[in-house]
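Participant: What follows is each chain in one-letter form.
2 protein chains.
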Amino acid sequence: MTENSTPPRLFIPGPVEIEREVLEEMQRPMIGHRAPEFSALGEDLNRLAKGLFRSDDPVYILTSSATGAMECSVRNCVREKVLCFVNGAFSERFFKICQVNGKEATRIDVDWGMAVKPGLVKEALAGGDYDAVTIVHNETSTGVLSPLEQIAEVVSEERREILLLVDGVTSVGSIPIEFGKYPIDVLLTGSQKSLALPPGLALMAVSERARKRAEEVESRGSYFDLLTIHNYWLKNQTPCTPAVSLMYALRKRLEGILADEDGWYGAHLERAELTRSWARERFKVFPEEGYESVSLTCIENTRGISIVDLNAFLRVHGVIIANGYGILREKTFRIGHMGANDVDQHRHLLALLDRFLEGERAN
Amino acid sequence: MTENSTPPRLFIPGPVEIEREVLEEMQRPMIGHRAPEFSALGEDLNRLAKGLFRSDDPVYILTSSATGAMECSVRNCVREKVLCFVNGAFSERFFKICQVNGKEATRIDVDWGMAVKPGLVKEALAGGDYDAVTIVHNETSTGVLSPLEQIAEVVSEERREILLLVDGVTSVGSIPIEFGKYPIDVLLTGSQKSLALPPGLALMAVSERARKRAEEVESRGSYFDLLTIHNYWLKNQTPCTPAVSLMYALRKRLEGILADEDGWYGAHLERAELTRSWARERFKVFPEEGYESVSLTCIENTRGISIVDLNAFLRVHGVIIANGYGILREKTFRIGHMGANDVDQHRHLLALLDRFLEGERAN
Numbered sequence: 001m002t003e004n005s006t007p008p009r010l011f012i013p014g015p016v017e018i019e020r021e022v023l024e025e026m027q028r029p030m031i032g033h034r035a036p037e038f039s040a041l042g043e044d045l046n047r048l049a050k051g052l053f054r055s056d057d058p059v060y061i062l063t064s065s066a067t068g069a070m071e072c073s074v075r076n077c078v079r080e081k082v083l084c085f086v087n088g089a090f091s092e093r094f095f096k097i098c099q100v101n102g103k104e105a106t107r108i109d110v111d112w113g114m115a116v117k118p119g120l121v122k123e124a125l126a127g128g129d130y131d132a133v134t135i136v137h138n139e140t141s142t143g144v145l146s147p148l149e150q151i152a153e154v155v156s157e158e159r160r161e162i163l164l165l166v167d168g169v170t171s172v173g174s175i176p177i178e179f180g181k182y183p184i185d186v187l188l189t190g191s192q193k194s195l196a197l198p199p200g201l202a203l204m205a206v207s208e209r210a211r212k213r214a215e216e217v218e219s220r221g222s223y224f225d226l227l228t229i230h231n232y233w234l235k236n237q238t239p240c241t242p243a244v245s246l247m248y249a250l251r252k253r254l255e256g257i258l259a260d261e262d263g264w265y266g267a268h269l270e271r272a273e274l275t276r277s278w279a280r281e282r283f284k285v286f287p288e289e290g291y292e293s294v295s296l297t298c299i300e301n302t303r304g305i306s307i308v309d310l311n312a313f314l315r316v317h318g319v320i321i322a323n324g325y326g327i328l329r330e331k332t333f334r335i336g337h338m339g340a341n342d343v344d345q346h347r348h349l350l351a352l353l354d355r356f357l358e359g360e361r362a363n
Numbered sequence: 001m002t003e004n005s006t007p008p009r010l011f012i013p014g015p016v017e018i019e020r021e022v023l024e025e026m027q028r029p030m031i032g033h034r035a036p037e038f039s040a041l042g043e044d045l046n047r048l049a050k051g052l053f054r055s056d057d058p059v060y061i062l063t064s065s066a067t068g069a070m071e072c073s074v075r076n077c078v079r080e081k082v083l084c085f086v087n088g089a090f091s092e093r094f095f096k097i098c099q100v101n102g103k104e105a106t107r108i109d110v111d112w113g114m115a116v117k118p119g120l121v122k123e124a125l126a127g128g129d130y131d132a133v134t135i136v137h138n139e140t141s142t143g144v145l146s147p148l149e150q151i152a153e154v155v156s157e158e159r160r161e162i163l164l165l166v167d168g169v170t171s172v173g174s175i176p177i178e179f180g181k182y183p184i185d186v187l188l189t190g191s192q193k194s195l196a197l198p199p200g201l202a203l204m205a206v207s208e209r210a211r212k213r214a215e216e217v218e219s220r221g222s223y224f225d226l227l228t229i230h231n232y233w234l235k236n237q238t239p240c241t242p243a244v245s246l247m248y249a250l251r252k253r254l255e256g257i258l259a260d261e262d263g264w265y266g267a268h269l270e271r272a273e274l275t276r277s278w279a280r281e282r283f284k285v286f287p288e289e290g291y292e293s294v295s296l297t298c299i300e301n302t303r304g305i306s307i308v309d310l311n312a313f314l315r316v317h318g319v320i321i322a323n324g325y326g327i328l329r330e331k332t333f334r335i336g337h338m339g340a341n342d343v344d345q346h347r348h349l350l351a352l353l354d355r356f357l358e359g360e361r362a363n
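These protein sequences, in sequence, are chains A and B.
For the first sequence, the working numbering begins at 1 and goes up steadily by one.
For the second sequence, the working numbering begins at 1 and goes up steadily by one.
No lab work stands behind these hints, which were simulated from the structure alone.
Careful: at least some of the hints might be erroneous.
Which copy is meant is left open, because identical chains are indistinguishable; a pair holds if it fits in one copy or across any two.
Mimicking DSS-like on lysine-lysine, the simulated pairs with C-alpha atoms at most 30 Å apart in a straight line are [as the list claims (entries may be wrong)]:
#1 K181 - K212
#2 K96 - K235
#3 K331 - K212
#4 K81 - K235
#5 K331 - K235
#6 K331 - K181
#7 K122 - K235
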């Protein structure tokens, strides 16, 4: 690869394509993170991030990937026993993060491709004295969107002191989120997914009772200590030097989304529906019906094509998609709908896929 | 402050001024972190970072501030008992990070403004059965550079299984570092200091015996688990999605430094010496003689001027410096020599400071 060759256009489920004018925000001159210039930026982000999550509770901005925010939620909000619903690779990661942080984690497996249902949650909660639940809202490994609102109601009905910790990495920003309306305690995402920014930041909405929980949890550590983060965020600052340049880009993005939420979310749905109907005619949409993700479409490789060959073909034509994740590697492939690829660029991608399929038939 | 006003030129000890051509690296189109494009970048960074640290051991790149790397070193490399030398605010932070991560931390205080000396280290080590030592190479709060090489020899002579964990946040990149030549186990820094990049990345050189130690330490967590980080870095990748845009800027910077190390380090020393001699004629250099930092000069406010007024005056003229840190707030002020302010810009700053002092005399 030569240094200046243009990389392929990304139709993977993150990182994603980013508009030039958003990247340009990172050209702003550097500022001190304890200077009034930063507080002004922090104040904007404080307000805008609450707008995105539709939250009255604070939405913290961490300089880390979303995995860091997952660890933050576990170290601060799990007292002892946590119930983890695993229906894909990222919900399994949430479970493992609980384990390696010394929490007593119970894992409830759901077939990959299936959603986590409120009935199962209710049943599983009865099996133990849990103080927290982890769930992935939209499983990036399988393209499944679980019914978060109903799950939140069930957890909340069960016992008020059970905290609901939600990985919203590929849901927040691709579908409207109502953090304030449902009893959710932590909802987190990363910058390089539906927010269509470079990686390096995580956003995390945290309920007041999750913050209260942190006060009674030992060994919260330093970098992800929620109480310290909260105290600084009250002053529109962060405990450590944050990724200022990325924050400028984040501000620009959040302003754009909030200026036209219907347009932003509608465009994601349009791309997803286009791709799903293309896939249904040629393959099979992998997730169970009614629970298909809006941020990516996971397609079952019912024709047994070589995904490696497919991506090699696409790369020649300047685009890439994602193979299946982990155990689904050659069994599925995934097309991301996040980022700056509009519906016409999706049509172009699908036309390329059709050309590949025609070539397969000809062989 | 209007949205598009130019922020003041930074003479604070980080974040620092950054050249346009380095910021422009962040305009590159996004790439997938599991794609060959990333592995090529990772391979470059792997090699260049080892060059910067003069290390045969790997230098990992974390998406976090340097505080995250400090926590990483503590969670992975301290088995139980750690001896922390505290001669300023950041070495105190290192001690506190040990505490909040459940380590048995013993604190040895040294007067702010004084260096940590090998004799003291030898003496303190005899007082307990420590398995690790923390030290800050260059205390940003006091402008003191401790003699790392001699300390490393002393720790190593004492007992080979004591690991030496070093915060090099404001030393790495402003003075030549020989990680491979001395028995240092962890040496870490952040991107927004002497590397003159936006904040958001930490670099961390880790010895083989520190990695071996991690294998026997429980509760290393997830995001900062050294063994996982190491295994991915062998493939020029990171466990989680890293801050790719910042990494492009890092590559550009490291290429620049390594192309002319003498020029790079010489320029830092020239700016520091200019500032020190200015300060000696008008005030007093705060750190004890012979241990003055090269990356910043901490000046004792022997004339009792108002640092708040001074910075207000400087801000009107488009620059800012830093007040004293914590307990030294009005007792000292600090001028950073890191980043894209050349010696002429330093002269301009010092001339502004003289104008302020003249105004003080006139009042």
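Participant: The structure should be examined with respect to each hint, and the outcome stated for every one.
Facilitator: Quick rundown of the hints versus the structure:
Only within a single protomer do K181 and K212 lie at most 30 Å apart by alpha-carbon distance; the minimum there is 19 Å, versus 48 Å between protomers. When the C-alpha separation of K96 and K235 is checked against a cutoff of 30 Å, the pair qualifies only between copies, where the shortest distance is 22 Å, while the shortest distance within a copy is 34 Å. Taking the shortest alpha-carbon separations for K331 and K212, neither the intra-copy value of 44 Å nor the inter-copy value of 38 Å comes in at or below 30 Å. Proximity of K81 to K235 under the C-alpha cut-off of 30 Å is found in neither arrangement, the shortest distances being 33 Å within a copy and 36 Å between copies.
Taking identical chains as interchangeable, the C-alpha atoms of K331 and K235 lie at most 30 Å apart only when they sit on different chains, with a minimum of 25 Å there against 49 Å within one chain. For the homomeric pair K331 and K181, neither the shortest alpha-carbon distance inside one copy (38 Å) nor that between copies (50 Å) is at most 30 Å. Within a single copy, K122 and K235 get their C-alpha atoms no closer than 39 Å, and across copies no closer than 43 Å, so neither meets the 30 Å cut-off.
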